[in-house]
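**Student:** Below are the chains, spelled out letter by letter.
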Amino acid sequence: KAGVTQTPRYLIKTRGQQVTLSCSPISGHRSVSWYQQTPGQGLQFLFEYFSETQRNKGNFPGRFSGRQFSNSRSEMNVSTLELGDSALYLCASTQQGLGEAFFGQGTRLTVV
Amino acid sequence: AQTVTQSQPEMSVQEAETVTLSCTYDTSESDYYLFWYKQPPSRQMILVIRQEAYKQQNATENRFSVNFQKAAKSFSLKISDSQLGDAAMYFCAMWEMRFGAGTRLTVKP
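Residue numbers (this note's numbering), protein chains in the order written: chain A, 1 to 112; chain B, 1 to 109.
Each hint should be verified, as a subset may be incorrect.
Said to hold, decoys possible - If you want the footprint, here are the derived chain A segments under chain B, 3+ residues with CB under 8 angstroms:
id, segment
1, 42 to 54
2, 87 to 94
3, 103 to 112
Stated by the list, open to error - Computed, partial: chain B to chain A, Cβ under 8 angstroms:
id, residue
4, Phe35
5, Met45
6, Leu47
7, Phe99
8, Gly100
9, Gly102
These are computed hints drawn from the structure, not numbers from a lab.
Keep in mind that this is a model prediction, so the values were computed, not measured.
Don't be surprised by glycine CBs; every beta carbon is placed ideally from N, CA and C.
With the rest of the complex left out, here is chain B (with noise of 0.2 angstroms):
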């Protein structure tokens, strides 16, 4: 069975500062897909990354990047330059789309 944790319930990060947001999945799969998402207060669930675990770069996007280690069952988002937009539940998940309890981000102007 996949399970995936998030440690974190409430992170805070000041405008325009870093954050590291924390998760942890097993698996017994050696291929699958690892996604974070975003949630707002308007409760749609938006796309932030995804990674791919036979791909050993870590992925990407923008302000948004991963810290992808296989071995040790570990994919974090960190935020770099953090915008007001920014705060919202952040979930980690994995294909099959099994979602950790999520993280709630605020950040502070």
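So here's chain A without its partners, still in its complex pose (with noise of 0.2 angstroms):
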């Protein structure tokens, strides 16, 4: 069984730009979550999406957007990218109802 797909790996963006992560969940798999890791802040949380719906949201701004299709696939994108916003941005799919969560490697993201 495959696990948790986060794309690309590595990004390095410049400030103003916009850009947009993917993360291909479990298979069979619903919900996707996705957290901002930065040095000394722990994990934050950003949104969740349940089939295709956001069904919780963290304390982001409006630049944080996210989107899941049809076959639980989910993306992410922030906009006029801030200096900031440079972090590790995790994904993380679960089983709705058992709880778990399985994560994918992340995606570093550098603002310049």
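Put the complex together from the two separate chains, hints included.
**Tutor:** Next comes the structure, spelled out in structure tokens:
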């Protein structure tokens, strides 16, 4: 069974640009959550999608958005990038009812 | 709202010794899941152990065990016979996947 796949693994963008990250969950998993991890900040919850609907949202500005497709794949978009958006972005998928989250290897975003 | 608190930013243990990592949480739910995840330098998040709140028995996975105190909303992780490969960041989490700030565990040979 394939794990959670995040693409790309590494990304360098310029301030003001926008970026789209992709996450393919484990087959059969309908929930996808996104997290931002920065040094000293732990994992900050961005949002969760379940069956193409945003079910939960963290405390991030509107520049951060996401969506989920009918095959459960999810994308996260960050517009008007700022230097502070440099982070590791982790995606996790869960099988509803079991709770355990399986994580991808993350996308390392660097904003210069 | 759910919150998870890890009050130990860093911990250190001698190889083969035992260490306990602390975690407290807050929730208004009566049934929920609690987790400990490990993040080694590779950054891959790995599930260490899971506890279901309705189960009174503490979960155990080989050298890893938890002390779950539901009334106190406490969920600590005990690592016995620590190994060099246990060195990592450890995150406490609860459904719906809210994480603590993490504890960096160093294992000394």
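**Student:** The structure should be examined with respect to each hint, and the outcome stated for every one.
**Tutor:** Okay, the hints, checked on the actual structure:
no.	hint	in the structure
1	42 to 54	holds (count 4)
2	87 to 94	holds (count 4)
3	103 to 112	holds (count 3)
4	Phe35	holds, 7 angstroms
5	Met45	holds, 4 angstroms
6	Leu47	holds, 6 angstroms
7	Phe99	holds, 4 angstroms
8	Gly100	holds, 7 angstroms
9	Gly102	holds, 5 angstroms
In this structure, none of the earlier numbered hints is contradicted; all agree with it.
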